[in-house]
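Protein chains in written order, with our numbering: chain A, 1 to 256; chain B, 257 to 512; chain C, 513 to 768; chain D, 769 to 1024; chain E, 1025 to 1280; chain F, 1281 to 1536.
Note that these hints are calculated values from the structure, not bench results. Where a beta carbon is used, it is the ideal one built from N, C-alpha and C, also for glycine. Hints are supplied without guarantee of correctness; some may be wrong.
Examples of chain E residues toward chain D, derived with CB under 10 Å [said to hold, decoys possible]:
1. H1042
2. Q1097
3. T1121
4. G1152
5. E1158
6. W1161
7. R1197
8. F1252
Listed below, chain by chain, are the residues.
There are 6 protein chains.
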Amino acid sequence: MYLAEHTWEELGDYFAEHSLALVPTGSTEQHGPHLPEATDHLIAEAYAREAAERTGFLCTPTVNVGVSPHHRQFHGTMWVDAPVFRDYMESLARNLTYHGVDRIVFVNAHGGNIQHLREVGRRLRDAGDAYAVEWMWDESIPDLVNDLFVQNGPHGGPKETAMIQYLRPELVREDRLEAARDGGVASVEDAGTVIHGSRTFYDAIDNTGNGVLGDQTDATAEKGEELFEAATDQLVQLCEWLDAQDREDLMAKPHV
Amino acid sequence: MYLAEHTWEELGDYFAEHSLALVPTGSTEQHGPHLPEATDHLIAEAYAREAAERTGFLCTPTVNVGVSPHHRQFHGTMWVDAPVFRDYMESLARNLTYHGVDRIVFVNAHGGNIQHLREVGRRLRDAGDAYAVEWMWDESIPDLVNDLFVQNGPHGGPKETAMIQYLRPELVREDRLEAARDGGVASVEDAGTVIHGSRTFYDAIDNTGNGVLGDQTDATAEKGEELFEAATDQLVQLCEWLDAQDREDLMAKPHV
Amino acid sequence: MYLAEHTWEELGDYFAEHSLALVPTGSTEQHGPHLPEATDHLIAEAYAREAAERTGFLCTPTVNVGVSPHHRQFHGTMWVDAPVFRDYMESLARNLTYHGVDRIVFVNAHGGNIQHLREVGRRLRDAGDAYAVEWMWDESIPDLVNDLFVQNGPHGGPKETAMIQYLRPELVREDRLEAARDGGVASVEDAGTVIHGSRTFYDAIDNTGNGVLGDQTDATAEKGEELFEAATDQLVQLCEWLDAQDREDLMAKPHV
Amino acid sequence: MYLAEHTWEELGDYFAEHSLALVPTGSTEQHGPHLPEATDHLIAEAYAREAAERTGFLCTPTVNVGVSPHHRQFHGTMWVDAPVFRDYMESLARNLTYHGVDRIVFVNAHGGNIQHLREVGRRLRDAGDAYAVEWMWDESIPDLVNDLFVQNGPHGGPKETAMIQYLRPELVREDRLEAARDGGVASVEDAGTVIHGSRTFYDAIDNTGNGVLGDQTDATAEKGEELFEAATDQLVQLCEWLDAQDREDLMAKPHV
Amino acid sequence: MYLAEHTWEELGDYFAEHSLALVPTGSTEQHGPHLPEATDHLIAEAYAREAAERTGFLCTPTVNVGVSPHHRQFHGTMWVDAPVFRDYMESLARNLTYHGVDRIVFVNAHGGNIQHLREVGRRLRDAGDAYAVEWMWDESIPDLVNDLFVQNGPHGGPKETAMIQYLRPELVREDRLEAARDGGVASVEDAGTVIHGSRTFYDAIDNTGNGVLGDQTDATAEKGEELFEAATDQLVQLCEWLDAQDREDLMAKPHV
Amino acid sequence: MYLAEHTWEELGDYFAEHSLALVPTGSTEQHGPHLPEATDHLIAEAYAREAAERTGFLCTPTVNVGVSPHHRQFHGTMWVDAPVFRDYMESLARNLTYHGVDRIVFVNAHGGNIQHLREVGRRLRDAGDAYAVEWMWDESIPDLVNDLFVQNGPHGGPKETAMIQYLRPELVREDRLEAARDGGVASVEDAGTVIHGSRTFYDAIDNTGNGVLGDQTDATAEKGEELFEAATDQLVQLCEWLDAQDREDLMAKPHV
């Protein structure tokens, strides 16, 4: 059920029965010469909407801009500063509780948001207001991701390429896949920026000249579909598990 | 040109030539028994995308959740607190300047955002970072709005109804138009909550039982189209005017 | 009853019986070549003190400096930034509740403060701490203002001029009234700065060369007295209405 | 020269010649059974206005409410929280620099404001924006204060009583002077709340039952006048000294 | 009992019986040519650990960096800005209450921290969360300090010198004591920076060329020991007094 | 060179030559039934002081309390909230730049601090103020850690146990090693709290009953020494690498 397309009366029926919401969070940032800047928010939205469709749980509109200062050297990357993002997500989530929501899944497709969504989740839980978890699609199916790609790449690599090939094929510049591979690096390790145990990089450009990693030519729409089906299945199960918990079991444990 | 669907290389071409961006801002909030909660962000996005299409200027993704605490008593209304919204919009806008943007149109369709976007615009301008203006579709065509509707209603009324009938007809509950009219009030004045010159209301529910105002049965998709064409034309002209200004003429004037 | 001139013992008697306070809020900012920068805070204080005198309700000292960055290009304009003003007013108002105050009238004479006082009022009400309304003298008597002046002007115009001619005639530079009229503009509309529906101005100087609008030669002390009596009467009635309400009726309504 | 009573044109003449401003800061708080809650802001305003009159330097309107949470148990005490006060004073002071002010005297009559005005002064100076000093009337004439009164009392005692007897005699409840003395304590030391070197009190009520200290019956209007003349003379000299300094000598010294 | 050297199980035994904690707060800042920058935090830690040892109460690790911007012109001075220090101490203290702590002694050896610790103490007490007092070693034994030294000096003077000679003699540059005395000033009064009642200085360097005051050659380790024993005794008694109070007697008194 | 034990004159010599500082950051938090709560700050301090000794670079005092809310259910855990910690570290680091420091190594031994130190590092670098990296001892020698222990455990496990056995053997409760192992879990994976790809835990107690993970009986002081030597060597090399870089190469790269 997609919140934005319903009236308040219809939503009243949902809240009378349920207290779970999926909140898609992505980013708008460079994804190399071959993928659109929408990549992360398209993926987050696709998973959240699909899982909501399959389960009947509520999905909210997508937060399209996240914490992406590390991609700012590449044209068009949008971002909000980290403290602002946290406060925005906290306010958005806390206000949902006004309608009775007490468990939230941040359906996330941008690595740069993870720690901030976790911090927001802690604030909500420690305050006893709500229980929110962050879910990142590729972390739910690590084995499949590893099986499908030789070099899966953490940003703009074949796994994200395959996802957009499947979800929005018209947005992939297929003729730039080789350029994507050749102008970037295979992995952060290859960039040689972890020095004596310290990550000395802060920006993507410190590691990769064109903003991406991995071998994009390894991607296909079929692999994208396989990923999507497998991870959606995980998300559906997560929602069902969450829905089945007692509220008190989700909240912070007391002092020993 | 829609930022999110382009690669950073393609966007580099845009920024080499232009410094203007349209940023759609709406809300996700109750719009009575007949309209979806997406109403405001759908309208904002439609105008911004259309004007970008016609002019070639850049349009960013939409900020879907705004300042709507005054609708919170109705199921599903989402909002972020006002200070958080301001900081989010300021950060988002200021970071755009990193790519050379120095003039922004907040294409807005939610009255509750206006003063906050103006405050953000002041911050950006007083700091000398960018010049941003707020544009609200119906304020650009006041005569037409008055001509088309007997009682146009400021929230969830016939003008917004007509817009969604035109843009997304499948989302209008046509069988609830009469209920919308009969369960609300015609105007804020009719609610009688301005007492001895003071607005004594803070929430929509203080004025209207079902969250909306005006006579929704007066709306048609044809009127919606007429509104859309007329206001889009205004927005296109605003962009062209803004683009033609010298940067220094847009910035704050010096002390007398 | 003026709080500042009483001892804590005497005030204890007031709080034992009443829970209403009037808080005058103005500004210190340019008002053209003919009026003192005190204009707004003098007016606010005059109304609040008079209404307190007539009703017996409590009036606090005046907040003399408000949100006036839009007048800063003119010598001597004082202001505090908007977030700071809101926090100051919120803290001041919330702390009043420690003595039992639960309803407050911000007696305001500066348009630039309105939205901020409304935002503060929302914070106090949503938190369940107090109910505060903003009251602006000229908004309580719109018909009279229109009747008395051909071109009443929103800032430094004849209505404010008449008020100071009545309240503090020695502070009006009568020999500068024509200069005030001739060096400014008649109205914001005349300035031509609303472009395709967007307010493109941020500062007074964007609209008017000498900082004021309207025809100041239309003002007289007699008109000032008429305004003062009429608006004071409105304020007195507002206080009495507010005093008569049950606290619970003033607070935010519950979720539908 | 009192800023609030002048027009922007007249103030332009001042700023063309001078860069000094006096900003009176007081409080509105209980001052025992005999003095009005206005005591501190009346005193601050009187000194600042008088020194401005005698020297020709600019005096701004008074900040009437300061940091007085320690008096809150007594009816009517108004206050803003310390961080809010600091931000308000900083914003007010910093914005004055827009007109060319680079040296400010906070003419203060409330002990609870001192450290906060000092902190604001540091912020302004460390940022290189302005040089502001805090001046407290009784600290400029310690010997005279000690000579005039056996037990001068830090709050609501004879020195403040004498000041109001001189400045606003109609506001002193002369028949409550003995009650003031008998219901309070002579000094903080007498309250016995400094325990093993630690100040264990936070509020005035921890030390004194009626909110005041010292022997109020020792006060007269004549003593008040003597104090006023002597301290005004100090303030006048401070302004002249400050005016004579080079800006660079007032600003923070460089690293050794 | 030193918190940091115990396991959580052992600490559980403490919290089952007690609710008091000592929190040492110092600074890392220049102390002239003869003393290490650690001076203040070494002293604070020594007192707190010793009192904890003698009484069995809990001592936490030391906060080594405090509010020392006024010493920044001298190499190596570390500091955090005042608002940050307050928030850090408040968060640290409030979180201690999670384990049942409701009374805290800030064992402080840096004058620049005092007002900030007091402000934090007010926040905690006004919120009803905990009762915290600031204790500064030399303020607990003013007579002894005066007896031992002709010119005791408020910063880097003989009293602090004697303390380090006793606690950590290897850290005192004995051959620089005369230089310390000769390159500084005897007292703030001697610096002549209190002008017409106003403190016109903000930084130590405004008063003293080498950062210190007083006559350091007057210090000996024996005097240091005498100070340490006397002040420790005061601190021990303070802890015992605090421990013996009822919680409600420590908290803020109600409104009269 | 340990900053705290030197005078400002001596430190002036250092800053004349160098611009690098090591800042140890740890925590004070439960480490199971066998280790002291000081564990993390002892380890951080030991590494930082040793590397400073071997290289001659400057080491500051240790920040003893970090971001540990996830251990709060266990007695004695101290923490500051995450936004407060970030602001404290940022202020501390930024102020160091006043003396010429432009490169900082946060020598860290608490996993919970990592992301926050990285965020602070970004702020400093993006502002162009300084270049700071986070270094965590065990991340510099992953292979050795894996070789030495079958189950190394991320918190309170054998690697931390071995470190304290080596650094401060008297603080290890050797008779509780088996209890530590048996009352906890071997790894986060074993706790089963990563559900369908989502980390559903927020606190240590969600995963482990006694607060620790891994097999503590596998630890010895000899292994601790081996770890210490190997990781110190890495830190020494990191400092030397950092010192050899041009400042401009450390700062953020420009826009493509």
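Status of each hint after checking the structure:
1. For E/H1042, the interface hint is violated, since its Cβ never comes within 10 Å of a Cβ in chain D; the closest pair sits about 19 Å apart.
2. Using the Cβ-Cβ criterion of 10 Å, the hint placing E/Q1097 at the interface with chain D is satisfied: the shortest such distance is roughly 5 Å.
3. Of the supplied interface hints, the one on E/T1121 is violated, with its beta-carbon coming no nearer than about 17 Å to a beta-carbon of chain D, more than 10 Å.
4. Proximity of E/G1152 to chain D is violated relative to the hint, the smallest CB-CB distance being about 13 Å (cut-off 10 Å).
5. Here the hint on E/E1158 is kept, as its CB sits about 7 Å from the closest CB of chain D, short of 10 Å.
6. Interface hint status for E/W1161: upheld, as the beta-carbon distance to the closest one in chain D is roughly 8 Å, under 10 Å.
7. Hint status for E/R1197: violated, given a least beta-carbon distance of 17 Å to chain D, over 10 Å.
8. Interface restraint check for E/F1252: the shortest CB-CB distance to chain D comes to about 14 Å, outside 10 Å, so the restraint is violated.
Comparing the model with each earlier hint shows violations of hints 1, 3, 4, 7 and 8; every other hint is respected.
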